[in-house]
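Quick note, the sequences are listed as chains Z and L, same order. FYI, in my numbering the residues of the first sequence are 1 to 466. FYI, in my numbering the residues of the second sequence are 1001 to 1203.
Heads up, some of the hints might be wrong.
No more than 20 Å apart at the CA atoms, straight line, and that leaves these computed lysine to any residue pairs for SDA-like [what the hints assert, rightly or not]:
(1) Z:K321 x Z:S303
(2) Z:K417 x L:F1031
(3) Z:K94 x L:K1038
(4) Z:K417 x L:A1168
(5) Z:K321 x L:I1018
(6) Z:K321 x L:K1038
(7) Z:K164 x L:A1168
(8) L:K1191 x Z:R18
(9) Z:K10 x Z:E271
(10) L:K1057 x Z:Y325
(11) L:K1191 x Z:P56
(12) L:K1057 x Z:L392
(13) L:K1038 x Z:G439
(14) L:K1191 x Z:G57
What follows is a set of in silico ranges between Cβ atoms, one per label pair, in the way DEER data are often shown [what the hints assert, rightly or not]:
(15) Z:G50 x L:E1171: 26 to 32 Å
(16) L:N1063 x Z:K178: 33 to 39 Å
(17) Z:E271 x L:N1063: 40 to 46 Å
(18) Z:G327 x L:D1133: 27 to 33 Å
(19) L:D1133 x Z:N285: 32 to 38 Å
(20) Z:G272 x L:L1188: 38 to 44 Å
(21) L:D1163 x Z:N285: 29 to 35 Å
If you're looking for bench data, these hints aren't it; they were derived computationally from the structure. All C-beta atoms, glycine included, are put in the ideal place defined by N, C-alpha and C.
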Amino acid sequence: MSTPKTLFDKVWDAHVIRHVEDGPDVLFIDRHFIHEVTSPVAFLGLEGRGAPVLFPGRTFATADHNTPTLNQHLPVADPLSANQLRALEVNTAKYGISHWGLGHQKNGIVHVIGPENGITLPGMTIVCGDSHTSTHGAFGAIAFGIGTSEVEMVLASQCIMQPKPKKMRITVNGTLSKAVMPKDVILYIIAQISASGATGYFVEYAGEVFRNMSMEGRMTVCNMSIEMGARGGIIAPDQTTLNYLNGREMTPKGEAWDRLVPYWESLSTDEGAEFDVDLTFDAANIEPQITYGTNPGLGTGISRQIPVAEAVKDGAASYKKSLQYMGFAENESMVGKPIDFVFLGSCTNGRIEDFRAFASIVKGHRKADNVTAWLVPGSHVVERQIKEEGILDILTEAGFELRQPGCSACLAMNEDKIPAGKYAVSTSNRNFEGRQGPGARTLLASPLVAAAAAVTGKVTDPREFI
Amino acid sequence: MAYDNFTILRSAAVPMPIENVDTDQIIPARFLKATERKGFGDNLFRDWRYNPDNTPKADFVLNNPTYSANGPARKILVGGKNFGSGSSREHAAWAIYDYGFRCVVSSFFADIFKNNCLNVGILPVTVSHEFADRIFAAIEADPSTELEVNLPEQTITLLATGDSERFAINEYKKHNLLNGYDDIDYLLSMKSEIEAFADTRPF
């Protein structure tokens, strides 16, 4: 009998073309996503070498990081941003790469549109010049972020050279409590193991909680794997995965689908397969989460207080610098802190389920007067769903407006910047200093927590509404 | 993109004993709008280095004359644990390189950042926590103290005392850095093998 293998091993090993002695593996890449920010220099490099794109049909381009979320029909005002968008258009046309640019009906955040169009499939290797590529691991794919040199590598050769990471399994058993969302599960895990706790590892998420989770929820979890340092996260495909994929525009159809299903069903970790690290958590310990510091590991249950320096894994000096930036102090309670902005969106929480959750709380309430809310769907498909399901009506009635798709205030490359010193409850993935605008202060949370804050104007436990 | 090869580097260092320095700090997103790899060094650590009115922040290490005005430009940056976390933006490595650094030392690097460094010709040297602490202490005691980073021997040494530690790097990447090669040269040489493999993929 062959050695038991992990899900990760099965997918990785199937893509190794060559193992370099005392070096990396040459890994074949099935799907490559590119966007306007991390691709232009890669195309320049390619041009400098006079190399073609080896398999243009395996690369998909979208504009998302640096696009406006209002008036997308008008020319982009910022000349630098406009230039970057034009460069993507020119480069993709030149090399014959599919491009869903600004204004295209399928345009949206790269990690939202890949799955919703069926480009992402189980058993694939997927890369993109964006660290949240880990999102696609929700489908049982090996997906991770790369730098621009590697984008050039994949364009030129459809391969990258990577040492095989170590393996970690994170199991969460039990049933999630009321108002606890997938975002809370991943924020809880990161808070437990720290922002660098999985560096060097590829994480498989296992256990009842993930088995019972929707694909949208699994994407939220895998998305934030990078926030604990992991190269990526992966969840074994199951019936939920197949139900999500079946019939999507670019998923294989008919006989091709039938042929792939048995292969996909074989993609799970064998009994007895070994992990370098195996962690287990209990769902009962997870309440709605919120971050108070300047890395995603500095978060806690919403009903708790900000820990004292001695209780956190980061060094005391770095921790105090972090609290100082946030304008918070040790032992303070999070609930009741006034906030200024709410951001619903991003590749972490910009999908239809996130908008449904947000709407479930704001329904019948009004946006607090002191709050500016930016609600940004992850794609035009999500935007259309919001309208079709009547969610837009609920939002409008409660005093909210819907913007147009893009990465928006998650990284604040466009105009959507939180002003200096202001507090934003954000459903995005990073609370780094200045991430949402110079001097901005970010509290990461789930769409339910964001909604509760939006209607009360302060950090509020969403369980009060449910 | 080709880069200068790396062999032995002797230089004083800039200390940054802060943990979890993420790539948004190394270069904020609003400076990622260029379509060429030029001038990123000007915005290295932009919001830690400059006030909103663009005046330098006196208390930031790159503005401290002790580390910037004495002697030749420093080519080694010594950071705290989990250096380079967060966004995959290679612009962070470009900014560090463009500013003049050729080597970053830390007790712990984020994975993507480390790969990006290696791909642009910056040597990321991972040292033990103890050795990192000794480097910070040595620089504090004498800001002009020099480090030697020897890639062929895979050692990093505090020259004043001879205190030295060996660092790990795989033979393949070492060979690339020593010669200024990149992965694409390697991959293009196996094109037919890649094309044959692609034919076997089910999707």
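Hint check results:
no. : hint                         : result
1   : Z:K321 x Z:S303              : violated, 23 Å
2   : Z:K417 x L:F1031             : holds, 14 Å
3   : Z:K94 x L:K1038              : violated, 23 Å
4   : Z:K417 x L:A1168             : violated, 41 Å
5   : Z:K321 x L:I1018             : holds, 9 Å
6   : Z:K321 x L:K1038             : violated, 32 Å
7   : Z:K164 x L:A1168             : holds, 16 Å
8   : L:K1191 x Z:R18              : holds, 12 Å
9   : Z:K10 x Z:E271               : holds, 13 Å
10  : L:K1057 x Z:Y325             : holds, 16 Å
11  : L:K1191 x Z:P56              : holds, 15 Å
12  : L:K1057 x Z:L392             : violated, 45 Å
13  : L:K1038 x Z:G439             : violated, 26 Å
14  : L:K1191 x Z:G57              : holds, 17 Å
15  : Z:G50 x L:E1171: 26 to 32 Å  : holds, 29 Å
16  : L:N1063 x Z:K178: 33 to 39 Å : violated, 51 Å
17  : Z:E271 x L:N1063: 40 to 46 Å : violated, 58 Å
18  : Z:G327 x L:D1133: 27 to 33 Å : holds, 31 Å
19  : L:D1133 x Z:N285: 32 to 38 Å : holds, 35 Å
20  : Z:G272 x L:L1188: 38 to 44 Å : holds, 41 Å
21  : L:D1163 x Z:N285: 29 to 35 Å : violated, 45 Å
The structure fails to meet hints 1, 3, 4, 6, 12, 13, 16, 17 and 21 from the earlier list, while all remaining hints are met.
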